[in-house]
Amino acid sequence: MTVVTKVKGFAAAAGFAATLMTGGATYALADEVTLTMAVPDWPPTRIMKKFFDEQYKPKSGNTVKLDVDFIPWPDFYTRVNASLTSGEQKYNFIVSDSQWLGAFVEGGYYRKINDLLDADPEFKKTLMSVHPAPLAAYSTYPYKSENYYGFPQFPDVLVTYGRKDILCHEEEQKNFQAKYGKKLPCTGEEIDAMTWDDFKNVGEFFRRKKGEMLAGAPAEDDFYGIAFQAGKGYDFSSMQINGFIWQMGGNIWDETQAPTGQAEGVVNSPQAVAALEKYLSLLEYMPPVAKTGTMDIFKSDELFREGKVAMNIDWIGLGEASLDPKSSKVSDKLVFGQMPGTMVDGKNVKWSNIGGQPFVLTTWTTPEQTKEAVDFVKWWLSDDIQHQFAASGGQSAVKSVYEDPKYVTYRPWNRAWAPQLDWQKDVWHVPQFFELLTQQQDQFDLAITGKQDAKTTLDNIAKFQQDLLKNAGLIQ
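Going left to right, the sequence shown walks through residues -30 to -1, 1 to 446 as mature numbering (1 follows the signal peptide of the UniProt record, and there is no 0) numbers them.
If you are wondering where the hints come from, they were derived from the structure by calculation, not from laboratory data. Misleading hints may appear alongside valid ones.
What the hints assert, rightly or not - Result set (DSS-like, lysine-lysine): computed pairs, CA atoms no more than 27 Å apart in a straight line:
hint: 1; residue 1: LYS341; residue 2: LYS82
hint: 2; residue 1: LYS94; residue 2: LYS82
hint: 3; residue 1: LYS348; residue 2: LYS317
hint: 4; residue 1: LYS348; residue 2: LYS29
hint: 5; residue 1: LYS134; residue 2: LYS278
hint: 6; residue 1: LYS94; residue 2: LYS19
hint: 7; residue 1: LYS149; residue 2: LYS179
hint: 8; residue 1: LYS269; residue 2: LYS35
hint: 9; residue 1: LYS433; residue 2: LYS20
hint: 10; residue 1: LYS202; residue 2: LYS433
hint: 11; residue 1: LYS134; residue 2: LYS269
hint: 12; residue 1: LYS134; residue 2: LYS248
hint: 13; residue 1: LYS35; residue 2: LYS114
hint: 14; residue 1: LYS114; residue 2: LYS153
hint: 15; residue 1: LYS134; residue 2: LYS180
hint: 16; residue 1: LYS60; residue 2: LYS433
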């Protein structure tokens, strides 16, 4: 368990009193408070720690230390789960994925924060000014209830990363127009307007072998038009496939409809099957690794930064590396837009699975630690720090921040941020989420690697979910 150390003025005075009397005045002596935090290891949490170390000054006057355990994404859930369920009570502050809420609330590990909000109306007002989609995803259990458990740390959405040197090249533009009768998307606004059919055309058009002409020069390596998540690990394929399903009129099992909402007949509906088929059809136009079940968010990002892909769909949270010439061969050639959508009744529908994470407090965190943690979160969600975070590569879901005209100037992808917030939904928050996710990822992998068709895949997922959730009392 994290220890709170009391510093009693003079080091030699072991029995010194808790206050110091000088000239008739009484001074409360400062404490040293350590907050031990588990976080995924990626730019948004590294930036947070840097801000804390360089700028944060506790209002309490205490000495506050933020002891951060940076955990690689592929191991993040398993290590946090092992820590919480072991009873070691190591962490009192966690940057949690939203889908963990139900399991860790029901397990008695995550602290409800309604009392903290009710005790501080100004802070509550700030939290309630967060866009409704991330607020529901990062804070509520049951999902979309008024039971709050999390404060937004880093809100995230999927965006399209593009190579403007390739996409805007005059000869490629002319040839694309001749082949498809449409303009090759080149600007951020043109990328915003793309559908999955447009995305497919880009993938088909830009398949080039090493040595073939690409934007006026021989390709240095095999080149591909498109990439997105197709990984078996953690939630990588689910985060992309859910968007296809929602856009095409299907649904995942909807926990807000429990116990009457079903999995069978919903998860494997004709619309959902067609959506998965659409997703699978695009793998043909991606680098071959996409069909091996290992195209996670990091691999697609790596291929894009290596200059091997014209367009990649990925989280904003990975964007900083693409701007850095030390890690990106295309750092000076970038354009960003919204994720592709599906045309429905003349409207480009862009439903997507929200990314990002909340801060949560654990139930064994002491009152003193809780106070310091809340003060830090209040500072983190203040307009000034949220602007600084966005200007350093982060994002803010606080309305007063992302609606400020300055916001779009901070990073090239910020212009695609706010328009996508209204299109965000989330995966399940229920305690059974990991069983649901693991089986679904295994089934999706069979489809991605060509071992199973879309209908069989979703039939298997629907039956598993129906049985599991029925046994849990979440489906009647």
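Hint check:
With a C-alpha separation of about 14 Å, the suggested pair LYS341 and LYS82 falls inside the 27 Å cut-off, and the hint holds. With a C-alpha separation of about 14 Å, the suggested pairing of LYS94 with LYS82 holds against the 27 Å cut-off. Between LYS348 and LYS317, the direct Cα distance comes to roughly 39 Å. Violation of the 27 Å bound is thereby established for this hinted pair. Under the criterion of a C-alpha separation no larger than 27 Å, the hint pairing LYS348 with LYS29 is consistent with the structure, at around 11 Å.
Among the hinted pairs, LYS134 with LYS278 is consistent with the structure: their alpha-carbon atoms are about 13 Å apart, no more than 27 Å. Taking the CA atoms of LYS94 and LYS19, the gap is near 24 Å; set against the 27 Å cutoff, the hint holds. A distance of roughly 19 Å separates the Cα atoms of LYS149 and LYS179; the hinted pair therefore holds under the 27 Å criterion. For the suggested pair LYS269 and LYS35, the alpha carbons sit about 35 Å apart, so the restraint of at most 27 Å is broken.
Of the pairs offered as hints, the one joining LYS433 and LYS20 is violated, with about 47 Å between alpha carbons and a cut-off of 27 Å exceeded. For the hint pairing LYS202 with LYS433, the CA-to-CA distance comes to about 20 Å; that is within 27 Å, so the pair holds. Straight-line distance between C-alpha atoms of LYS134 and LYS269 comes to about 21 Å, which keeps the hinted pair within the 27 Å bound. At most 27 Å may separate the alpha-carbon atoms for a hinted pair to count; LYS134 and LYS248 meet this at roughly 26 Å.
Distance check on the hinted pair: LYS35 and LYS114 sit about 33 Å apart at the alpha-carbon level, beyond 27 Å; violated. Between LYS114 and LYS153 the CA atoms are separated by roughly 41 Å; this puts the pair beyond 27 Å, and the hint is violated. For the hint linking LYS134 to LYS180, the alpha-carbon distance of about 20 Å falls within 27 Å, and the restraint holds. Taking the CA atoms of LYS60 and LYS433, the gap is near 38 Å; set against the 27 Å cutoff, the hint is violated.
Taken one by one, the earlier hints fail for this structure at numbers 3, 8, 9, 13, 14, 16, listed in ascending order.
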